[in-house]
Amino acid sequence: MCIYLFLSLTIMLILIVSYFMLNTKVNHNREKYSTFECGMDLMTSLRLPFSLHFYFISIVFLVFDIELMLVLPFIYCLKLFNIMNILMMILVLITIIILGFMYEWWTGLLNWMI
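For this note's numbering, add 11 to where a residue sits in the sequence shown, where the first one is 1.
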């Protein structure tokens with residue numbers, strides 16, 4: 012145990028010392044690190060206020076897309092298991108999806124306001 016601790020600390024120290032020895036000072040040039048838009052200078056600031064509804068709509072889309080992909084394996088399971096059990100599981104999953112959609116509708120996440 013002590014040997015592994017000593018070995019790991021030694022390797023860590025060697026890496027840190029070699030980093031500082033090999034590190035060269037980088038010349039920070041304003042032109043080099045500025046954003047490039049067709050060779051033109053930026054006309055406005057990049058920190059503009061952005062509507063959060065766009066993010067909510069995209070997250071809702073991803074959640075429903077993934078939930079609908081969970082239904083696809085049930086098609087294969089129809090051949091293997093009892094059809095009544097599979098239909099009950101599909102019914103529960105679709106009920107959860109519909110309840111989530113109704114909640115998002117009632118809270119106003121699906122109202123697109125610019």
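By construction, these hints were calculated from the structure, which means they are not laboratory data. Small disclaimer: the values here were computed from a predicted structure and weren't measured. Be a bit skeptical, because a hint or two may be false.
Claimed, not checked - Distance ranges between label pairs, derived from CB positions:
no.	residue 1	residue 2	range
1	V74	M99	20 to 30 Å
2	W117	M80	22 to 32 Å
3	P84	M23	26 to 36 Å
4	F92	L24	57 to 67 Å
5	I70	L104	16 to 26 Å
6	L73	T106	32 to 42 Å
7	S69	F17	27 to 37 Å
8	T106	L63	46 to 56 Å
9	L33	L120	47 to 57 Å
10	Y30	E78	40 to 50 Å
11	L73	I105	11 to 21 Å
Idealized CB from N, CA, C, for every residue including glycine.
So does L73 sit 11 to 21 Å from I105, Cβ to Cβ?
-> Roughly 18 Å apart at Cβ, these two residues keep to the hinted range, so it holds.
For S69 and F17, compare the CB-CB distance with the range 27 to 37 Å and indicate the outcome.
-> violated, 50 Å
In this structure, is the beta-carbon distance linking F92 and L24 contained in 57 to 67 Å?
-> At 59 Å between Cβs, range holds.
C-beta pair P84, M23: status relative to the range 26 to 36 Å that was hinted | Distance hint for P84, M23 is violated at roughly 46 Å.
Does the Cβ-Cβ separation between Y30 and E78 fall within 40 to 50 Å?
-> holds, 46 Å
Between I70 and L104, does the beta-carbon spacing fit 16 to 26 Å?
-> holds, 19 Å
Mind checking the hinted window 22 to 32 Å against the Cβ distance between W117 and M80?
-> Given about 25 Å between the Cβ atoms, the range holds.
Is the distance from the Cβ of V74 to the Cβ of M99 consistent with 20 to 30 Å?
-> holds, 23 Å
Can the suggested window of 47 to 57 Å be confirmed for the beta-carbon pair L33 and L120?
-> Between L33 and L120, where Cβ atoms are some 51 Å apart, the hint holds.
Are L73 and T106 spaced within 32 to 42 Å by their CB atoms?
-> violated, 20 Å
Consistency of beta-carbon spacing, L63 to T106, with hint 46 to 56 Å = Violated, at about 28 Å.
The structure shown violates the earlier hints numbered 3, 6, 7 and 8.
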